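K.L.:
Taken in order, these protein sequences are the chains called A and B.
So for the first sequence, our numbering puts the first residue at 1; every next one is plus one.
So for the second sequence, our numbering puts the first residue at 1001; every next one is plus one.
It is possible that part of the hints are untrue.
No more than 30 Å apart at the CA atoms, straight line, and that leaves these computed lysine-lysine pairs for BS3-like [said to hold, decoys possible]:
hint, chain 1, residue 1, chain 2, residue 2
1, B, K1242, A, K306
2, A, K49, A, K125
3, A, K46, B, K1242
4, A, K209, A, K237
5, A, K282, B, K1242
6, A, K303, B, K1242
7, A, K237, A, K264
8, A, K49, A, K106
9, A, K306, A, K49
10, A, K264, B, K1242
11, A, K209, A, K148
12, A, K46, A, K148
Chain A side only, calculated, beta carbon under 7 Å to chain B, not exhaustive [stated by the list, open to error]:
hint, residue
13, L267
14, S295
15, V304
16, K306
17, T307
Hints were generated in silico from the structure; no laboratory data involved.
Keep in mind it's a predicted model, so treat the numbers as computed, not measured.
Even glycine gets a Cβ: it sits at the ideal position worked out from N, Cα and C.
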Amino acid sequence: MWRRCLLTGMLVWLAATPASAFVAYVSNEKGNTVTVIDTNSWTVTKTIKVGQRPRGIEFSRDGKFVMVAVGDDDTIQVIDTKTQEIVDTLPSGPDPELFTQDAAGKTMYVANENDNTVTVIDLEKRARLGDIQVGVEPEGMTISPDGKILINTSETTNMAHFIDTTTRQIVANVLVDSRPRFAQFKRDGSELWVSSEIGGTVSIIDPVKREVTGKITFDIPGLRNEAIQPVGIGMTKDGKTAFVALGPANRVAVVDGTTHKVLKYLLVGQRVWHMDFTPDEKYLMVTNGVSNDVSVIDVASQKVIKTIQVGELPWGITIAQP
Amino acid sequence: MSSTTVTPERSGFSVSEYIVCLNGIVWREALRFLHQRERFVSALVRPLVWLFIFAAGFRQVLGISIIPPYETYILYEVYIAPGLMAMIQLFNGMQSSLSMVYDREMGNMRTLLVSPLPRGYLLFCKLLAGTAVSLLQVYAFLLIAWFWDITPPTIGYLTVLPALVLSGLMLGALGMLISASIKQLENFAGVMNFVIFPMFFASSALYPLWRVQEGSPMLYYVCQCNPFTHAVELIRFALYGKMNWVSLAVVGGCTVVFMIGAILAYDPSRGLVRRGPGGGEA
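So that you can see chain A by itself, here it is in the shape it has in the complex (with noise of 0.2 Å):
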């Protein structure tokens, strides 16, 4: 009986008890700080002095290291997750802006936004592999699911392209709406998505004929349709639901992953710029550069649940097991 009751308890403990326990990195792009913030509580647990201009952030494939591009210092620095500090540098081009890994986490490309230029970064060494030429101002960064297809959107050239990952070469520009900024494959790799902040739209791109096959467009009643600046895109695992956060509409939309409907719009803080899941895909975070903070979506519910005040000017999230 004694063990039935021990057992009950520990059961109804294991459900009181949060499933998830992550931490997600902020980087404060003014502040020139990285703001740790555990989402158990949600509270910010650390504030961690970096380089000028912090704005891509993301964490290595195996978790022990946050890389976060300081653009004002020319560099990506490294942060030891267990740590909290820095431990490393890695040899970027000028300007780093935005960033991505491999599958296995071997090798980083990183946009070089002054520089027109793409760097390969060898993660192991941590030594620069070489440097391939892009459009004027690249930014967006993602790479194909199985790997052979590197995608970086240039702002002012408004060309998505498409880089063999083993020749380094260039081997196919997409046209795209004014300014992209952010770009992301789905998982299946059927279809990879461009957000142009100027253009007001999401473009959806056919990633083997390499042209634009659609474009989702949103309209908020009561704000002006320039005040609508698609930027940065969360997309489910399973593809079936997208966020695209809006710039100083102050809203994320929620969009159909298959029909690219848009279902809906939801409030959160000012200038709504990067974003990214937990692991468990219950929370999306968002960052919003104006008013300071990072707003917490329940993605079940597509409810805003939680705002969180953080550094001066908050830029990029990443999201992963403590």
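Following the hints, put chain B in place on chain A, whose structure we already have.
P.N.:
Relative to chain A, chain B alone:
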């Protein structure tokens, strides 16, 4: 055991007699409410007009901010929902009191007050009946608001109930106190305008107090002293499963004060209402 015979025997009535009385008054109020469908509709239309038209127009103008009990940014219509819930209760409280003036003019009040039960108890029953009716209206409003994407946490629908009962009692007691000093139905309309609108507008129902303070520090203090502000805030916090202790104290205290005032006012030997020509009855 003396403890088993406390109140009823002291006043000479059993608990069941008190319950019969309560039941009779509440049932009469409910029947009156159900038979006046236009009253129910108008009670709902008023806040819905504010919600659908006023809030839509002011959505961009008033901006957004995070204030307790909210944990993230909210749309303006979400902000004013608790204020509109309190508005329903404010109008209902006044309307319920209006019905007392009507009852007095029609002579129905005599039937109520001729009861041998304590006058205070009779008035309290009347207040409870009015509050119960306001609860129906508020929950009907919340149901419609849910389709307008005003979706507080599920538990909030339950936790807001005690807050609604208390604020309903306070506003009803206030209406009763006012109605005691009204001799004719016609006068009541004027008092309604002098009470309802200032109370509603000089409160946190439509604008957060920090914004009122930015515009006029004087008005801010007026709003702080307005018991309706605290009724709104009590409802607002309770709707999100939280407690605003200051508002609870203010609303609770005001309820007691207004209730005592109303009982005294309705006491023919001591209060404002006197027998005699032109003085109404009771």
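K.L.:
Indicate, hint by hint, whether the structure satisfies it.
P.N.:
Going down the list of hints, with the structure as the test:
no.: 1; hint: B:K1242 <-> A:K306; verdict: holds (15 Å)
no.: 2; hint: A:K49 <-> A:K125; verdict: holds (25 Å)
no.: 3; hint: A:K46 <-> B:K1242; verdict: holds (28 Å)
no.: 4; hint: A:K209 <-> A:K237; verdict: holds (23 Å)
no.: 5; hint: A:K282 <-> B:K1242; verdict: holds (25 Å)
no.: 6; hint: A:K303 <-> B:K1242; verdict: holds (19 Å)
no.: 7; hint: A:K237 <-> A:K264; verdict: holds (20 Å)
no.: 8; hint: A:K49 <-> A:K106; verdict: holds (26 Å)
no.: 9; hint: A:K306 <-> A:K49; verdict: holds (25 Å)
no.: 10; hint: A:K264 <-> B:K1242; verdict: holds (28 Å)
no.: 11; hint: A:K209 <-> A:K148; verdict: holds (15 Å)
no.: 12; hint: A:K46 <-> A:K148; verdict: violated (38 Å)
no.: 13; hint: L267; verdict: holds (5 Å)
no.: 14; hint: S295; verdict: holds (6 Å)
no.: 15; hint: V304; verdict: holds (5 Å)
no.: 16; hint: K306; verdict: holds (5 Å)
no.: 17; hint: T307; verdict: holds (4 Å)
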